[in-house]
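Protein chains in written order, with UniProt numbering: chain A, 1 to 364; chain B, 1 to 364.
Careful, some of the hints might be misleading.
[What the hints assert, rightly or not] Label pairs and their calculated CB-CB ranges:
#1 N166(A) to L91(B): 24 to 34 Å
#2 R332(B) to Y316(A): 40 to 50 Å
#3 E252(B) to K6(A): 50 to 60 Å
#4 P53(B) to E10(A): 37 to 47 Å
#5 D50(B) to K198(A): 51 to 61 Å
[Stated by the list, open to error] Computed footprint of chain B on chain A; a stretch qualifies when at least three of its residues, placed anywhere within it, have a C-beta under 8 Å from a C-beta of chain B:
#6 160–167
#7 176–186
Derived by calculation from the structure, the hints in this document are not laboratory data.
Treat the numbers as computed from the prediction; the structure is a model and nothing was measured.
In this text, a Cβ means the ideal position worked out from N, Cα and C, and glycines have one as well.
There are 2 protein chains.
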Amino acid sequence: MRKIGKQEIEDIAVGAALLGTGGGGDPYIGKLMALQAIEEYGEITLLNVDEVPDDALIVPSAMMGAPTVLLEKVPSGEEMFSAFQNLESYLGKKIYATMPIEAGGLNSMIPLALAAKLGLPVVDVDGMGRAFPELQMVTFYLDGISATPMVLADEKGNNSVLSTINNLWTERIARAATIEMGGSVMTAIYPMTGKNLKDSGIRNILQLEEELGKAIRLAKEINADPVKEALKCAKGFELFRGKVTDINRKTESGFAKGIATFEGINEYKGETLEVRFQNEHLLAQTNQRLLCVTPDLIAVLDAETGLPITTEGIRYGARCVVVGIPCHPKWRTEKGIETVGPKYFGYDVDYIPVEELVKKGVTL
Amino acid sequence: MRKIGKQEIEDIAVGAALLGTGGGGDPYIGKLMALQAIEEYGEITLLNVDEVPDDALIVPSAMMGAPTVLLEKVPSGEEMFSAFQNLESYLGKKIYATMPIEAGGLNSMIPLALAAKLGLPVVDVDGMGRAFPELQMVTFYLDGISATPMVLADEKGNNSVLSTINNLWTERIARAATIEMGGSVMTAIYPMTGKNLKDSGIRNILQLEEELGKAIRLAKEINADPVKEALKCAKGFELFRGKVTDINRKTESGFAKGIATFEGINEYKGETLEVRFQNEHLLAQTNQRLLCVTPDLIAVLDAETGLPITTEGIRYGARCVVVGIPCHPKWRTEKGIETVGPKYFGYDVDYIPVEELVKKGVTL
């Protein structure tokens with residue numbers, strides 16, 4: 001158990017945006033929400049997974065929908081509060097702690113802000129070790145834990161308690177409701193026990209986020225390249241350096257979908273990189289080479305500052321480093337690949353771990 | 001208080017389909033569900049509105065969605081049961097009785113079938129005095145009663161408890177969820193008190209349905225025209241007699257929408273009638289005359305048997321009588337017309353009561 005204050009929030013926000021691989025929400029809004037909550041209610045208690053009793057009720061809190069929409073439809077803060085109250089009353093049990101469902105600029109921060117407000121601890125764990133666009137894309141799904149009862153709540157005051165026969169139906173019905181509720185909503189989802197968490201969660205994610213943010217922040221002081229410092233910390237690989245020459249982005253079926261194109265600089269001169277995304281970056285390839293593919297992480301960093309850039313933050317002309325990071329081993333199982341691999345998203349390539357792609361330089 | 005047995009079900013099914021003005025679900029499936037429930041659980045208790053205590057919790061039960069879909073996606077019966085259980089546990093109060101939300105082949109029967117199964121009484125009242133396609137289109141909405149908390153449940157086992165800031169949001173979010181859940185679902189909606197019911201409900205609707213069904217059934221025995229007998233009972237008007245020459249029907253945004261075209265016979269020879277519908281018949285006009293428009297009731301009856309035909313039952317070549325019936329006075333108020341008048345459905349005509357249209361023969 002330890003306390004999370006303002007400096008930790010700053011670092012976590014950066015690291016979470018990096019592991020958010022372009023999605024998971026805007027880090028600036030997320031950070032402001034968490035800082036404001038600490039200002040108002042004091043520091044947040046962070047628990048290690050092993051500190052949670054086996055029978056405790058743990059409920060992740062998250063934004064669902066297109067992050068592009070959320071930029072213009074800022075949460076009121078009240079919707080998450082009412083979602084938790086609703087779920088407690090539906091389940092007839094007190095919630096012991098909250099946690100992030102994924103890494104991401106916003107979705108790592110919402111549980112922290114909510115925890116401060118409710119006086120609950122946050123558990124240092126998530127269900128992805130990165131961000132993914134659909135709500136069955138969590139290790140809890142791989143381990144047969146139900147996403148429901150889940151609560152969806154919008155900033156107007158509408159809310160819905162959903163119970164479904166499986167998590168694919170949760171995704172379908174919740175997505176339709178989210179779109180109708182304006183494109184982004186707050187959710188309380190995957191209510192589970194401490195035991196579930198110990199079996200199925202990805203541990204110490206907030207700690208990794210904080211270390212990543214710290215590495216990038218402190219690089220300047222030691223005259224180091226912030227990108228290299230981040231890669232050291234995340235055990236990742238530089239895939240490409242380039243300038244954004246095109247960004248094609250649309251909000252479709254409740255997702256921010258598109259392609260970002262980069263023209264190579266330095267040793268990558270002459271090559272063109274395409275990064276495809278659906279809320280998150282999912283596939284990076286040049287005309288010759290496949291560089292990295294989901295479920296491995298693809299992050300776009302500012303070449304100068306090392307700061308991660310979300311899909312909605314990619315701007316024409318920006319100089320970026322595209323990096324690849326191996327995903328959690330749970331995603332590399334058969335069911336993992338089936339759930340979040342390239343074929344699921346409609347990309348006709350096989351999954352090959354990023355460390356092999358980097359070694360072999362696999363050609364297309 | 002009285003008991004409803006099999007003969008009453010047969011008659012109510014016919015009268016309800018007539019007042020259902022083409023919508024409200026298939027009368028055959030509805031009747032089977034109710035007869036089966038009586039077979040299994042015994043006769044149903046029907047209460048007069050005045051017999052309900054002011055503070056009792058009354059919950060209407062209904063199908064929501066496109067009736068065309070329901071024909072191929074028959075309810076399991078369990079979904080309504082689980083919807084009621086869910087709502088009781090959400091509200092923390094026992095449900096005293098159920099009731100129909102609207103008249104219609106299916107939606108008049110569902111509360112009867114459910115009541116038999118749950119051992120609850122049914123109240124002889126509804127919120128429309130006819131059928132309408134959207135869920136805010138009830139007298140309860142005119143009187144400011146909330147549609148939520150409402151439960152949606154599908155035959156697969158998915159369900160959702162929805163709470164919204166107003167009934168237009170209920171319609172939007174529930175409709176989106178309904179479409180995603182397969183196009184038709186069972187709902188427990190507009191939970192209200194006995195007092196609400198006394199102030200706002202349309203009374204003795206099941207009694208009227210039964211009388212209508214009985215009038216049509218007994219016409220043969222007295223060698224009378226069943227259509228004329230029905231019109232006498234419903235205080236309605238014959239508008240047109242014709243043969244179906246075209247039926248244009250599609251399922252769009254969760255509704256069965258379309259136009260049925262009739263070529264006049266007998267004294268209507270030479271005229272062509274178009275009936276426009278969105279689940280229910282909403283507008284009847286020839287090239288020369290406006291015959292009847294929502295919220296007044298437009299029913300299509302078989303010229304021979306007098307039996308009502310639903311929009312999905314209209315067949316090429318069928319000889320029909322199209323009849324008009326004045327709606328309940330609550331629909332003729334300013335808010336009533338705004339909620340269910342022709343303009344709401346996108347028809348550029350003013351509402352004129354059917355009895356005036358019949359007298360004047362208003363030309364277009």
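Verification of the hints:
1. N166(A) to L91(B): 24 to 34 Å: Because 27 Å falls inside the window, the suggested range holds.
2. R332(B) to Y316(A): 40 to 50 Å: violated, 59 Å
3. E252(B) to K6(A): 50 to 60 Å: holds, 52 Å
4. P53(B) to E10(A): 37 to 47 Å: violated, 60 Å
5. D50(B) to K198(A): 51 to 61 Å: holds, 59 Å
6. 160–167: holds (count 6)
7. 176–186: With 5 residues close enough to chain B, the hint holds.
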